[in-house]
Amino acid sequence: MGRYIARRVLALIPQLLIILALVVVMVELTPGNVIDSMLGDSGQITPEARAKLEHSLGLDKSLPVRYVTYLGGVVRGDLGVSITRGRPVSDMIQERVLVTTELTLYAVVVSIVIGIPLGMAAAVARGKVTDYAIRFFAVLFLGIPSFLVATMMVLLPALWFRWRPPLFVPLDKGLLPHLFSMLLPVVAVSLVFMATNVRMMRSSFIDVMQQDYIRTARSKGLTATRVWFKHGLKNALLPTVTLIGLQAAGLVSGAVVVEQVFTLPGLGGILFDALARRDYPVIQGMVLLVGTAVVLLNLTIDVIYSTLDPRVSFK
Amino acid sequence: MTETGYWSRSTVSRRGLIRGAGVMGVGLSAAALIGCSSNSKETVPAATGSSAGGAVASTAPKGTIRQGTGKLSESYDPATMLSAGPTYWGNWGNLALTANKQNYKLEPSLVESWEVKSPTEIALKVRKGVFFHDKAPTNGREMNASDVAYSLNRHAALLDKEKVALYPRRTNFRFMTEAVATDAGTVTLKMSAPNSAILNGMADMRTPIMPVESKDTGFTDPSKVVGTGPYMIKQLDNAGNGTLVVNPKYWEKGMPKAAEVTKQSFDTYQANTASFIGDTIDYLTMTNQPWSEVQAVQKARPDAQVLKWDYGYIHYLRFNNKKQLFQDERVRRALTLVIDGKAIGDAFYGELAQPTGPLVSTWVNEAIPASEIAKRPGWNPSTKEADIAEAKKLMEAAGFKEGEISAAIMVFNTPVHPANSERVRAQWLKVWPKIKITLDGPVDSGPFNQRLASGNFDMMAYSNLPTTDGAVEFQNFYASDGSRNYGSFADPEVDKLCAAAIQEFDIAKRGALIKQAEEIVINKSPIIAYYYAKQVAFVTPKWAGYEGYPGPGGQSGSDLVEACKFVSLK
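From first to last, the protein sequence lines are chains A and B.
Residue 1 is where the first sequence starts when you use our numbering, and the numbers rise one by one after that.
Residue 1001 is where the second sequence starts when you use our numbering, and the numbers rise one by one after that.
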């Protein structure tokens, strides 16, 4: 397994290089650039003044040269400096990455801890009121994007009850207030993923429960609970676990959007700003981070997969 | 040469009135001096602030003002930031001069008097007894002429030749070649050509005085951001959340009245609104929000104080004069005459929308008054039928009998612009069913700015919050080399009038030149100014004093931020 993991980690390098190259090219092709953004709407300057500015910001170099220079910096652990804020990108990320990580992890946990039992429950109660109710809410939550759920969570209580969700409380101000301040953002991020897990788990569990080995287990006289949890759950989890890996990128992007609405000091704030202002170093730093996280998360999923299904080999 | 009437007006300002009310109990004689500036041709007398403050009974500041702010997307450098942002966060506090919040006229601030020595040289007398915050790097030292000179040179982009373009307020200091501290208390502004707008430029709220030490400390670390303002940063994170406390050495006595200001930065407008309704912040400014949302907040917080004032964005459509179609003055004029700006404004902003010409008369003294504009063709509902008939004739004369032109409106990416553009299109279609107008966008700020700069559009729908100097504003928007002349309108007569107005120090003559230029622009129609929108803000009931402070000089929220020094707990 060690060699497999090492191989996967090594494979991360070309993957990230390709992702970064794509991002650099895409940002370059997008209309507008960081100079236009910095100049604002009074940007009617002479070509000479513009050229001077581009030179001073290092933007007069060709795209490949900038890309290679950037990669050289990354190898040395230098993610560059934000053009619009003048701060090291690594500092900006470091300040905010924990909040986004925490929000994403909580959302994963909630979507699993609630989604999987609900999916099982729906499968067990197939065709009954409970099944219909769970499926109704799952479809409902699947259809509402997390940013809309978050906006409603902020606005509606204010308009109806003159109450707004608590603002972010850092962990050092107390665990409970901190968790309380994260509660609604976690719900907003996790709903859509929880709903996906419910649906996947339900169909997978129904499928598993029709297998011969389940029939055998029942015929041995095992209790229904034991059949579900001992023989059904583990096998039904396989597609759901795969799905969680596929959801990783969506979870991170959902988290950064929801952070904005709830004013959490996570990566969302700097990412959206950097995208709007074409602040290349920040965008590249964020892509590097999120790309690495998604690839590592998928690697973790693959390892978990092997423990759930002994047939999976790491050769 | 001493200054002329343009720089010394005798009106009692609103700020003066506020202060006057404050000192009434102490003595009317003192109040009479407050807010009055000299009407003579001599140097303007010492500032009103310190004398007024001295008369106000010193009550210990109390209460915490909880402010919601937009998210911080730039550094803390007031000379290069595009938005007002942290420029107003109380800590910078003071400008060389200030614009009166009621009548837009100049008043002393950190510069207590000034003298126009010649058309190209102005001497500024720096106020004594003003101290920077008592923390590193200034450690409470007294402000001097070097700080003022350094700040003005920075704002004018004279200290960073490579990045001149990044200093958006440099046009406030047009023709300035340098600001020199000739002694500890005097700064001399030297210009290559006369610029009568330069003093108004110094009163732009985004041009605060910075200590010379900021050369070394920079503008990225909030803990090192130091000013002369009424509040000092106690703690501030990079997202813009933090606490400011009273500056005990603040020069305007009796101010500020609130003990503390907390900042909460919001990434979205919805979060800001919910926070006000949920009573976690003390005021909410509603810039560019539809009237229906204003009403919703009013309904949710019926106890809140509602403030409205005239300083707001001008909303307009601009033709690209580089496009062949719009080089024809008849086409521009015809399209302009048809538009019912009131209907467009009412639909989005309700009662906040007000008529305007190319300049908004409520904040530019020299502009043609809105009441007169409302009677002109194109603005006057009672002559609309005749205007439409005239428009049809003009369009026919231009070769488009049935208005069969085709063009796109580039629409900026905020809700009001698509809404305005849809209504413009509908009004044109009603008159010319064969007209083909498409909406291009909404376009976000990066590409929008790029296309503005390169002239890559037919028409554009946008809004601006202008400066309060009529000559500068007209120059920026309508002179052929104006920084905001997005449509590349070029008229030699307008250029001549703009140049003359900027160099004219006599207020009456200056106003006449600007009005003359405005008439030309109205007739040549490079722009359809639909309306300007009054600003509205809500304040929790516990604070008193905000109601006396609406006015221009920056963005509405920023005005309220600056107003912190005036407001007190009820």
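Careful, some of the hints might be misleading.
[Said to hold, decoys possible] Covered stretches of chain B (in silico footprint by chain A; criterion: 3 or more residues with CB under 8 Å from a CB of chain A, positions within the stretch not fixed):
id, region
1, 1233 to 1245
2, 1269 to 1282
3, 1368 to 1377
4, 1447 to 1453
[Claimed, not checked] Here are a few chain A residues that face chain B, going by a calculated C-beta distance under 10 Å:
id, residue
5, Thr30
6, Met38
7, Gly40
8, Arg50
9, Leu53
10, Leu57
11, Leu59
12, Tyr67
13, Gly80
14, Thr84
15, Gly86
16, Val154
17, Pro157
18, Ala158
19, Ala276
The hints are simulated quantities; they were obtained by calculation from the structure and are not laboratory data.
We treat Cβ as the ideally placed atom computed from N, Cα and C, and that holds for glycine.
A quick look at each hint next to the structure:
no.	hint	verdict
1	1233 to 1245	holds (count 4)
2	1269 to 1282	holds (count 9)
3	1368 to 1377	violated (count 0)
4	1447 to 1453	holds (count 7)
5	Thr30	7 Å, holds
6	Met38	6 Å, holds
7	Gly40	4 Å, holds
8	Arg50	7 Å, holds
9	Leu53	5 Å, holds
10	Leu57	8 Å, holds
11	Leu59	12 Å, violated
12	Tyr67	20 Å, violated
13	Gly80	15 Å, violated
14	Thr84	6 Å, holds
15	Gly86	5 Å, holds
16	Val154	5 Å, holds
17	Pro157	8 Å, holds
18	Ala158	4 Å, holds
19	Ala276	6 Å, holds
Of the numbered hints given earlier, the model fails hints 3, 11, 12 and 13; all others are met.
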